[in-house]
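Trainee: The listed protein sequences correspond, in order, to chains X and U. Counting in our numbering, the first sequence runs from 1 upward without gaps. Counting in our numbering, the second sequence runs from 1 upward without gaps.
Keep in mind that the hints are not guaranteed to be accurate.
Listed next, with one range per pair, are the computed distances between beta-carbon atoms [as the list claims (entries may be wrong)]:
id, chain 1, residue 1, chain 2, residue 2, range
1, U, 61, X, 194, 54 to 62 Å
2, X, 317, U, 112, 18 to 26 Å
3, X, 230, U, 216, 50 to 58 Å
In short, the hints are calculated from the structure, not lab data. Values in this document were obtained by computation on a predicted structure and should not be read as measured data. Glycine included, C-beta positions come from ideal geometry on N, C-alpha and C.
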Amino acid sequence: MVRLEPRRQHSQAMVYLSPVLAILMTLVVGGIIFAFLGKNPFDALYTFFILPINNSYGISELLVKATPLVIIAVGLAMGFRANVWNIGAEGQLTMGAIFGGGLALYFHDSESILLMPAMFVLGALGGAFWGAIPALLRTRFNANEILTSLMLTYVATLFLSFLVHGPWRNPEGFNFPESRPFPDAGLLPIIYDGTRVHLGTAVAVFVVIAGWLLLSKSVIGFQLRVVGKAPQAARHVGFRQKRMVWFTLLLGGALAGLAGLFEVAGPIGQLQPSISPGYGFTAIIVAFLGRLHPVGILFGGLIMALTYLGGELAQITLGLPNAVTGLFQGILLFFLLACDVLTKYRIRFGSIAAKGRTA
Amino acid sequence: MEWIVPFILTVITASTPLLLAATGELVTEKSGVLNLGVEGMMLVGAIAGFAVTASSGSATLGILAAVVAGTLMSLIFAFLTLTLMANQVATGLALTIFGVGFSALVGSGFVGFAIEPLPGLSIPGISAIPIVGPILFGQDFLVYLSIAAVIGVGWFLAKSRAGLVLKAVGDSHHSAHAIGYSVIKIRYLATMFGGAMAGLGGAYLSLSYTPMWAENMTAGRGWIALALVVFATWRPGRLVAGAYMFGLISVMQLHAQGAGIHVPSQFMSMLPYLATVIVLVIISSDRAKIRLNAPACIGQAFRAAQ
Numbered sequence: 001m002v003r004l005e006p007r008r009q010h011s012q013a014m015v016y017l018s019p020v021l022a023i024l025m026t027l028v029v030g031g032i033i034f035a036f037l038g039k040n041p042f043d044a045l046y047t048f049f050i051l052p053i054n055n056s057y058g059i060s061e062l063l064v065k066a067t068p069l070v071i072i073a074v075g076l077a078m079g080f081r082a083n084v085w086n087i088g089a090e091g092q093l094t095m096g097a098i099f100g101g102g103l104a105l106y107f108h109d110s111e112s113i114l115l116m117p118a119m120f121v122l123g124a125l126g127g128a129f130w131g132a133i134p135a136l137l138r139t140r141f142n143a144n145e146i147l148t149s150l151m152l153t154y155v156a157t158l159f160l161s162f163l164v165h166g167p168w169r170n171p172e173g174f175n176f177p178e179s180r181p182f183p184d185a186g187l188l189p190i191i192y193d194g195t196r197v198h199l200g201t202a203v204a205v206f207v208v209i210a211g212w213l214l215l216s217k218s219v220i221g222f223q224l225r226v227v228g229k230a231p232q233a234a235r236h237v238g239f240r241q242k243r244m245v246w247f248t249l250l251l252g253g254a255l256a257g258l259a260g261l262f263e264v265a266g267p268i269g270q271l272q273p274s275i276s277p278g279y280g281f282t283a284i285i286v287a288f289l290g291r292l293h294p295v296g297i298l299f300g301g302l303i304m305a306l307t308y309l310g311g312e313l314a315q316i317t318l319g320l321p322n323a324v325t326g327l328f329q330g331i332l333l334f335f336l337l338a339c340d341v342l343t344k345y346r347i348r349f350g351s352i353a354a355k356g357r358t359a
Numbered sequence: 001m002e003w004i005v006p007f008i009l010t011v012i013t014a015s016t017p018l019l020l021a022a023t024g025e026l027v028t029e030k031s032g033v034l035n036l037g038v039e040g041m042m043l044v045g046a047i048a049g050f051a052v053t054a055s056s057g058s059a060t061l062g063i064l065a066a067v068v069a070g071t072l073m074s075l076i077f078a079f080l081t082l083t084l085m086a087n088q089v090a091t092g093l094a095l096t097i098f099g100v101g102f103s104a105l106v107g108s109g110f111v112g113f114a115i116e117p118l119p120g121l122s123i124p125g126i127s128a129i130p131i132v133g134p135i136l137f138g139q140d141f142l143v144y145l146s147i148a149a150v151i152g153v154g155w156f157l158a159k160s161r162a163g164l165v166l167k168a169v170g171d172s173h174h175s176a177h178a179i180g181y182s183v184i185k186i187r188y189l190a191t192m193f194g195g196a197m198a199g200l201g202g203a204y205l206s207l208s209y210t211p212m213w214a215e216n217m218t219a220g221r222g223w224i225a226l227a228l229v230v231f232a233t234w235r236p237g238r239l240v241a242g243a244y245m246f247g248l249i250s251v252m253q254l255h256a257q258g259a260g261i262h263v264p265s266q267f268m269s270m271l272p273y274l275a276t277v278i279v280l281v282i283i284s285s286d287r288a289k290i291r292l293n294a295p296a297c298i299g300q301a302f303r304a305a306q
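Bound conformation, chain X alone (with noise of 0.2 Å):
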């Protein structure tokens, strides 16, 4: 018989081993999923985590898709540590691409320089104020976050999607459902030539270096560390968790908004209906497999990264749907919440009574 028995202290070890286990297992199980899907698991395995970055374009595609995962997930993190659940990151980045991208369109001939801070600024509100929302909520009514962040999302989605069907529609296009091309001064500059890695990249570091700095050395990232860890304690010496709720909420609701314009004013150029491919939902995954940490988020968003890009190549070469993508997402997540286990508990062969009788 297995049995868990509890560790006197959290093993470092494993805090640093659970991912990679995890990755190594979800590979495994990936590979009995090509085979049954009638393909050759060690070459659907090699089309999907190594060809798409075995030349440096992929490299830098591999940037691309990484940087809007790690900004929101850096965000998600802080509020995760504190048990404040937003799930709704993939409607604060839809919120902030409509608050910051509104902007160039209202512009839409300007020139200045000016333009594109601006859109920094309302882009991260506009996620912000997303976020304000379910806050606002959860502090005054006591509503649950995780539902009122998801519904959230279906109401910012939907909205998007008026505004480019309707007042927001190209005059100039083929009434095609998108809006005009933004102006020069509203798109991000490429910080690396013939490649679309963006000047949002460079922000996506700067993002883990401020989080990990906040999480490590103020006191908001102390009160963090200690709610996840003992709530009643922190509770006690009388941290206010409502101030924990506004702060993850408006931080994340921020950096995902921050990240949905980087996407609308860097690789997509333009408001169209779809503008993320679940990027809020995937920076979920990041955040746990980086452990909550920001210098792991900058690894784990990589990796998912990776699984976009894999799904992509081999949705073309091998004709394998685009859904791989999500399944390997979910098994991944799966196979992380149960080697966690192995950092609080050890696993015993043998039943209690063989324990006491060698005892």
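Knowing the structure of chain X, use the given hints to seat chain U on it.
Mentor: Same frame as chain X, now just chain U:
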């Protein structure tokens, strides 16, 4: 007034999947387990039901497959949260992400397939009575089952000994364990019931509501079902009212155009989601009521002291 019968029929169709899934989740939550994976379980139930019906030609087999699929999904959740004590919120999210991907993968071979919708009840003479006939005696099996399940769960929780044990486990797992009940086993069973019902809710969508398969066809209904349980303050009777109210709201967009209301369709589509938020706010702001009715141990891992 001839629009009234078709209108009521569409409300019933829109409400049934919510009612099925919410009834299951209510039992799960009463045992102290919060499974946020309803959306994922519904999707996997929907594709399992559709795929088996389309392949075998038998809707009965399809419905059974949906029950099995939903139960298996809930077993993944139960193993992670109850046996390995993983965080319930994160595991529920993982279950939904997995379910979206898995159902889309299996379903990619079934897009565009057509099946016969579930047959309605047909009692010669009675089903033909104007108004009352089609509404009360012309529904399909799952509609009647959804009502029967709510009544059954209501009786189970209020009157049966097993129901009392289940509630005890949800309200105070340490006491329940101390007087000799197997907390983990009871929670496994309650979680599996939730999975089976979510599977049925999904099957209703793909076998009767549409009937076809489309990626992500639940469109948030699993999450609305979760909100309904809060709305009902964990009482089965109020679940029926809640599910039918949401059914009403979600079909309004279909009928608004006909009634000459010209609001952009996107705003009409927002209504069920906005209504969910508003309803949650109204119910949750009464903290005393929530504290009185919510299972006290909801979402907490249980580990027997050794």
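Trainee: Now, for every hint given, state plainly whether the structure supports it.
Mentor: Hint check results:
1. A beta carbon spacing of about 56 Å between residue 61 of chain U and residue 194 of chain X agrees with the range 54 to 62 Å that was offered as a hint.
2. Against the hinted window of 18 to 26 Å, the Cβ-Cβ separation of residue 317 of chain X and residue 112 of chain U comes to about 24 Å, which satisfies the hint.
3. For the pair residue 230 of chain X and residue 216 of chain U, the beta carbons lie near 39 Å from each other, so the given range of 50 to 58 Å is not met.
Violated hint for the displayed structure: number 3, the only one.
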